[in-house]
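Chemist: If you want the building blocks of each chain, they are given just below.
Number of protein chains: 2
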Amino acid sequence: MPAALTIIPVDGLPEIESGHDIAALVADRIELFDGDIVVITSKIVSKAEGCAIELATVEPSGFATEWAERWEKDPRVVEVVLRQSQRIVRQIGPVLITETHHGFVCANSGVDQSSSGAHERILVLPSDPDASARRSRARFAELGVDVGVVVTDTFGRPWREGQTDIAIGVAGINPLLSYIGQQDPHGHEFRVQEICVADELAAASELVKGNTSRVPVAVIRGYEWEADESASMAPVIRDSSRDLFR
Amino acid sequence: MPAALTIIPVDGLPEIESGHDIAALVADRIELFDGDIVVITSKIVSKAEGCAIELATVEPSGFATEWAERWEKDPRVVEVVLRQSQRIVRQIGPVLITETHHGFVCANSGVDQSSSGAHERILVLPSDPDASARRSRARFAELGVDVGVVVTDTFGRPWREGQTDIAIGVAGINPLLSYIGQQDPHGHEFRVQEICVADELAAASELVKGNTSRVPVAVIRGYEWEADESASMAPVIRDSSRDLFR
Chain Z
1 MPAALTIIPV
11 DGLPEIESGH
21 DIAALVADRI
31 ELFDGDIVVI
41 TSKIVSKAEG
51 CAIELATVEP
61 SGFATEWAER
71 WEKDPRVVEV
81 VLRQSQRIVR
91 QIGPVLITET
101 HHGFVCANSG
111 VDQSSSGAHE
121 RILVLPSDPD
131 ASARRSRARF
141 AELGVDVGVV
151 VTDTFGRPWR
161 EGQTDIAIGV
171 AGINPLLSYI
181 GQQDPHGHEF
191 RVQEICVADE
201 LAAASELVKG
211 NTSRVPVAVI
221 RGYEWEADES
231 ASMAPVIRDS
241 SRDLFR
Chain B
1001 MPAALTIIPV
1011 DGLPEIESGH
1021 DIAALVADRI
1031 ELFDGDIVVI
1041 TSKIVSKAEG
1051 CAIELATVEP
1061 SGFATEWAER
1071 WEKDPRVVEV
1081 VLRQSQRIVR
1091 QIGPVLITET
1101 HHGFVCANSG
1111 VDQSSSGAHE
1121 RILVLPSDPD
1131 ASARRSRARF
1141 AELGVDVGVV
1151 VTDTFGRPWR
1161 EGQTDIAIGV
1171 AGINPLLSYI
1181 GQQDPHGHEF
1191 RVQEICVADE
1201 LAAASELVKG
1211 NTSRVPVAVI
1221 RGYEWEADES
1231 ASMAPVIRDS
1241 SRDLFR
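Just so you know, the protein sequences line up as chains Z and B, in that order. Going by the numbering used here, the first residue of the first sequence is number 1, and it counts up by one from there. Going by the numbering used here, the first residue of the second sequence is number 1001, and it counts up by one from there.
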């Protein structure tokens, strides 16, 4: 029987800056236990890793400039969004849905202009969120605790209004839980074949982190998982040959 | 500051059958408190509401028969899937993505063949999951407790492998939480405008319900919400004029 889960917001973290040791800051503020899952908003990972881009240094292409003028956007920001992408999935009106270099499909390549200091700096996603998660997991291990790590961002989705937090990086914990070949009590195979638990952990943690409060980290306690050092987001990224909407 | 959340699986429910009073069965098995959110898998709601369809009674159309034969499916099941839809969004190979009469976009109109007793009965989604949730909320109120209710199903999504639980019906609690017009500590508007908390509550609860264990109900305790009797899933269903993938 599954046990109850607890989802704990980590209060009192300082404003994260480039070079900050997020794992140490988290461990200072909450007692962690082996088996906990630490869920970290990518925004602070980007900040700690120095992923802010000075707009003054960005030279927009003609394509970026033309489209930005048409939709009253900053061409330097559009340029950064394009550079963060490997492909444009939809470009309709002012909306730009891209496939990032990681393979995530989202609006504006996940570029965040919301807290960029007078709009002169913008924050991009970590270049390798699995590696970011693995470094955090290793750092927590140095601090004496064996925890899984999930790095999250807030994405929209087709067909449904409202955004939800999803996983963009994992360490220690596999993002997918497979039911393939298992049967229900009546002997039928399950309609559900694989659950993306990483996305569910991300979504669950958003409920205590919120997007307006400054709570960028939550700890999930009581979820059972098996440590796997090879875990990554790769199996979550659907191959375009299997995708009906790309 | 947000408080910690607890997500509690409701163990020991009987196999739900047509006419069962789910709220009473849940209240018998767990002490509920005002403000709890009861998250119920739609499968048992469908069972309690008698949403099973006897395949022997289904006369498949020529369209259903032809496509079913081509992909080695049961034409009667295909017919039920089509009847549960208002539009086919994608029909590629053996995959059928439909828009249900409710407006949800999902595989096979959410029709569940997994536990249908020798494949002679199949279960369709509740005809009005908001109404199902409202009836449960009202029943819990009769039993003396003021709880929000979320009815869930397990959906796939574009671009990402693995399914997650999402909300298909709500009562008492609004599915969307808006940040529109609010500003971060630096005075910038948030990149995130609306969070679909109903989907996050659904996803969180799946972590304790699981899909193989027979735990179709979870209780979320500690989440702050304001009661709104007009709450429904309607604002989550994106209008097709605003949708880039339909």
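It is worth saying that the hints were derived from the structure and are not from the lab. The reader is advised that the hints may include incorrect statements.
Unchecked claim - Under the rule of at most 25 Å between Cα atoms (straight-line distance), these lysine to any residue pairs were calculated in the SDA-like manner:
| no. | chain 1 | residue 1 | chain 2 | residue 2 |
| --- | --- | --- | --- | --- |
| 1 | B | Lys1073 | Z | Gln193 |
| 2 | Z | Lys73 | B | Tyr1179 |
| 3 | Z | Lys73 | B | Arg1242 |
Chemist: It remains to establish, for every hint, whether it holds in the given structure.
Modeler: Verification of the supplied hints:
no.: 1; hint: B:Lys1073 / Z:Gln193; verdict: holds (18 Å)
no.: 2; hint: Z:Lys73 / B:Tyr1179; verdict: holds (21 Å)
no.: 3; hint: Z:Lys73 / B:Arg1242; verdict: holds (20 Å)
Taken one by one, the earlier hints all hold for this structure without exception.
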